[in-house]
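Undergrad: These are the residues of each chain, in order.
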Amino acid sequence: MDAEVNRAAAETPPEPPLDPVFEIEMQLLLDAIYLKYHYDFRAYAGASLRRRLRTALERFACRTLSQLQDRLLHQPELFPPLLDYLTVQVSDLFRDPAYFRALRERVVPHLRTYPSLKVWIAGCSSGEEVYSLAILLREEGLLERTLIYATDINPQALQRAEAGVYEMDRVPGFTENHRLSGAPGSLSDYYTAAYGRALFDRSLKKHIVFCDHSLATDSVFAEVQLVSCRNVLIYFNRELQDRALGLFREALCRRGFLGIGSRESLRFSAHAEAFEEVAREDRVFRKREGA
Amino acid sequence: MNDVAFAQRRIDAVVIGASAGGIEALGLLLPALPAQLRAPVLIVQHIPRDRPSLLVDIFAPRCARPVREADDKEPVAPGTVYFAPPDYHLLVDRGPQLALSADELVHFSRPSIDVLFESAADAYGAHLLGIILSGANDDGAAGLAAVHRAGGMAVVQDPRGAQAETMPAAALQRTAAALVMSLEAIRDLLHALERDHAA
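Residue numbers (the numbering used here), protein chains in the order written: chain B, 3 to 293; chain X, 893 to 1091.
Treat the hints as calculated values from the structure; they're not laboratory data. Each hint should be verified, as a subset may be incorrect.
[What the hints assert, rightly or not] Covered stretches of chain B (in silico footprint by chain X; criterion: 3 or more residues with CB under 8 Å from a CB of chain X, positions within the stretch not fixed): (1) 39-45; (2) 85-95; (3) 236-246.
[What the hints assert, rightly or not] Computed spacing ranges between beta-carbons, pair by pair: (4) B/205 <-> X/1065: 29 to 37 Å; (5) B/187 <-> X/940: 25 to 33 Å; (6) B/170 <-> X/923: 45 to 53 Å; (7) B/75 <-> X/1074: 47 to 55 Å; (8) B/187 <-> X/997: 47 to 55 Å; (9) B/214 <-> X/1074: 52 to 60 Å; (10) X/902 <-> B/23: 22 to 30 Å.
All C-beta atoms, glycine included, are put in the ideal place defined by N, C-alpha and C.
Given only the sequences and the hints, what does the whole structure look like? Please build it.
TA: In structure tokens, the structure reads:
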């Protein structure tokens, strides 16, 4: 009988024994943030959130999340830096060059057939992907007829994205990525270097609208031909992923395109059937007819 | 290793961290994993961030258990070996389920051993076995300490036998109570996991 009990125990993976007090405090803190600041992190993936909140405890010199919650509720000036902790993502220009190569080769030929284009970059953080895509579209002769919506929930990140200024020591990496993405020209055509920084071209920004938008709480605002949302869905739980993918599906025009992060997948999503693979390895999808 | 103490433990998952010299060390450990292994084995081996990883190609043909690169939101399958993909942190979430993150580098590394070990310590608590192998930086020291703090079992490859001793030495300095074992002893320990479970 003992053997049977053991076998049953081994076959049912146990629910993880997460620290119960930390879990309670985390839930209360996320509720407090939602109620006071209207940012909804309640459906974010737990593991990354736990790690970020632990780092935040050190940064804000708090012993517990309860203490952090107390300060957040009574000192609103603490919220913007915390929001940075919870959301900011540092990416590179043309991160995963193969993704941008796939867009050039597999998506751009379809985009050429539209007289005017709208592109949505969801969760643009500090803008690296926005400038990558703007440069790619300029190189392909499409930017002049394109409007790019770059959205994020963090107003500070949006300001940084809009500024389009990056440290010069990151530029060699950007340049190499850009070259590997199959670019016809040189990245240096698109920025001005000064005082150790690279300032990206104003003429790119003319085609970009930066705006505050939450995949957790807001709805669709435009019809677009391409959605690019990379390394954002990994921070969401499955329900929130489904919500976000539902927004993309709704925003996309008939047979529109969707690009996601190189390790993200639609496999576990309620919307998996609505999309077909265009470039499997590079995570480029296309909305199915009628979906 | 004290077999009696070990037999009293239920190990639900194994996490392994390795850097320089790690591939050789894993070459001794992974092919020896028993075919009936139930605990999943999650591995961060430091690799270049800018190119595809060959780890699955290297180890899958030599192992009795399935060897895969981890995907986001994938349920942790029993007895499966998962490698963290290049340029992403690998974490364990409720479920248990795998999770990836593109958060900043930790100890100049993504994937980072600390990130995996700390999240796995949250998820598996006392039922986790954490192993630090050869390496030339101190990623993993904080992670192994977290495993130990949560009541899990902390094992460090004997720095004297490791190709690069910095990483195991740093882990030992942080967690003095960790068990110091030769690679061969670690191999036998992983084998004993299944035997003691079945007993």
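Undergrad: Within 45 to 53 Å or not, the Cβ separation of residue 170 of chain B and residue 923 of chain X?
TA: For residue 923 of chain X against residue 170 of chain B, whose Cβ atoms are near 47 Å apart, the range 45 to 53 Å holds.
Undergrad: If I claimed the Cβ atoms of residue 187 of chain B and residue 940 of chain X lie 25 to 33 Å apart, would that claim hold in this structure?
TA: Holds, since residue 187 of chain B and residue 940 of chain X (Cβ atoms, about 27 Å apart) stay within the stated range.
Undergrad: Just to be sure I understand the hint, the distance between the Cβ atoms of residue 214 of chain B and residue 1074 of chain X should be within 52 to 60 Å; is that true here?
TA: The hinted range 52 to 60 Å holds for residue 214 of chain B and residue 1074 of chain X, with Cβ atoms some 57 Å apart.
Undergrad: Taking a Cβ-Cβ distance under 8 Å as contact, does the segment 236-246 of chain B have three or more residues in contact with chain X?
TA: This one holds; 4 residues, not fewer than the three required, reach chain X with a Cβ under 8 Å.
Undergrad: Count the residues of the segment 39-45 of chain B whose Cβ falls closer than 8 Å to any Cβ of chain X, and tell me whether that reaches three.
TA: This one is violated; 0 residues, fewer than the three required, reach chain X with a Cβ under 8 Å.
Undergrad: Between residue 75 of chain B and residue 1074 of chain X, is the Cβ distance one that fits in 47 to 55 Å?
TA: holds (54 Å)
Undergrad: Taking the CB of residue 902 of chain X and the CB of residue 23 of chain B, does the distance hold inside 22 to 30 Å?
TA: At roughly 23 Å between Cβ atoms, residue 23 of chain B and residue 902 of chain X fall inside 22 to 30 Å, so the hint holds.
Undergrad: Do the beta carbons of residue 205 of chain B and residue 1065 of chain X sit within 29 to 37 Å of each other?
TA: Roughly 55 Å apart at Cβ, these two residues miss the hinted range, so it is violated.
Undergrad: How does the Cβ-Cβ distance of residue 187 of chain B and residue 997 of chain X compare with 47 to 55 Å: does it lie in that range?
TA: With Cβ atoms ~30 Å apart, the hint is violated.
Undergrad: For the segment 85-95 of chain B, do three or more residues have a beta carbon lying closer than 8 Å to a beta carbon of chain X?
TA: holds (count 3)
In this structure, the hints that do not hold are numbers 1, 4, 8, in rising order.
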